[in-house]
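Protein chains in written order, with the numbering used here: chain A, 1 to 93; chain B, 1 to 93; chain C, 1 to 140; chain D, 1 to 140.
Hints listed in this document are in silico derivations from the structure and should not be mistaken for laboratory results. Only a predicted model underlies this, so the values are computations on that prediction, with no experimental measurement involved. Backbone N, C-alpha and C define an ideal beta-carbon position, used for all residues, glycine too. Possibly wrong hints are sitting among the right ones.
Covered stretches of chain D (chain C as the covering partner; in silico rule of three or more C-beta atoms under 8 Å from a C-beta of chain C) [to be verified]: (1) 5-19; (2) 54-62; (3) 100-112.
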Amino acid sequence: HPSPLTKARLPPMRIRLLYFATFKDVAGRDSEERQVAGGAKVSDLWRDLTREMPGLLKTGSMPPAAVNREYTGPETVLADGDEVAFLPPVAGG
Amino acid sequence: HPSPLTKARLPPMRIRLLYFATFKDVAGRDSEERQVAGGAKVSDLWRDLTREMPGLLKTGSMPPAAVNREYTGPETVLADGDEVAFLPPVAGG
Amino acid sequence: MYLTDAPIDFAALLAAARPADGGVCTFLGVVRNHHLGLPTERIAYEAYGPMAEAQIRKILDGLAREWPDAQVQVRHRVGVLEIGDVAVAIVASAPHRAEAFAACRAAIDRIKETVPIWKREFHPDGTSDWVDPTAGSPPG
Amino acid sequence: MYLTDAPIDFAALLAAARPADGGVCTFLGVVRNHHLGLPTERIAYEAYGPMAEAQIRKILDGLAREWPDAQVQVRHRVGVLEIGDVAVAIVASAPHRAEAFAACRAAIDRIKETVPIWKREFHPDGTSDWVDPTAGSPPG
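Bound-form chain A, shown alone (with noise of 0.2 Å):
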């Protein structure tokens, strides 16, 4: 019988991930194109940035998420092309 359709069998998918205000200082850029397992969350992403930058960490826990400029939640599931930013603390006005 044919294996269900996991997370893992999912082929990985390229996002564009903006950086901005402190973290894009963190970053040292303020965007690059990355690759991102098939099926992965947004918090599946942010824990992976702050893996390899944790300077990110000193907002606290996980920043507001936009995806294709609009905010969303953690548990949103990326889709190849997806524009991603974590944003952190807006001081607009």
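Starting from the structure of chain A, add chains B, C and D where the hints point.
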């Protein structure tokens, strides 16, 4: 024995009375010099005026009054030389 | 002098905000083309001038006690105004926006309640009325 | 376009009030010379531009549902601003002042809460900080 100093014994006073807005329309003038009895209160003046010009009563009971450019109550006793105005509902802004 | 028969120089009021002020809340009362369902063509504002000046001064003194960080400025037109003309301008500036909003709102509310200014509305049919805010819908 | 790297033309925003509007409440966020007790020399505003535009649009749509009589306009600067420069301008006009004040206040509150704009403050000693409104006193 001396008689008490009653209201009737006080000399008459002259006041300056100002009319604004709808009261000016009713009175047909914007100001007048007026003689009032010694010891007269603001409420006495209003009673006299409304007897002469019942049209003033269209705003109902005694409107806010000002003596010498300050809001005051109906029991205030007038003094010679006072500037007095009864104020229709204000509508600035 | 808070009353003026010349157009209000709003830019000059704004320019008075202090370098420490981060929030500026303003209110402009503008002559609108209707009131209580009737069309308005223009409005004549009449004031008990010296008392109106004194009342506005008192209101500003009260605001300064309640919101000591706010600086509030007021100008009110008298005379004949056309639709779109600014009848009253309030500029409240403060380090933070909460005080600026509160002081600005209190300023216009108190001015409308207590300052001896009246307005006669002229309608397109040639009639006119003294506006009585105590008689109908809330004023603008 | 709600974001601009040029000075905000406040007079043009004001001129958009409609003939039926009797009350215009505005808010100007101005670069002030201090924050959390530290002197400020200038501020650089950075935005996630396309998302900021979309967020402001959403905020305005929400305001239009809550205060259908109010018309609200927004402009926000990006780039380097000096003390006294206007960083954000809100103009809310409505037939009556209550809606104008409410819509104006809600506009600036929501913009400060959710629009992806950041500011880096430069101090006279050459240091700079990204402002974190969640960390200290309320912003202006």
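Exercise for the section: Test coverage of the segment 100-112 of chain D by chain C using CB-CB distances below 8 Å; three residues minimum. Expected result: holds (count 5)
Handout entry: Cβ contact check, 8 Å cutoff: the segment 5-19 of chain D against chain C, three residues minimum
Key = As far as the segment 5-19 of chain D goes, the hint holds, because 5 residues have Cβ atoms under 8 Å from chain C.
Practice task
Three residues minimum, CB to CB under 8 Å: does the segment 54-62 of chain D make the cut for coverage by chain C? Let me know.
Solution key: violated (count 0)
Checked against the numbered hints above, the structure breaks only hint 2 and satisfies the rest.
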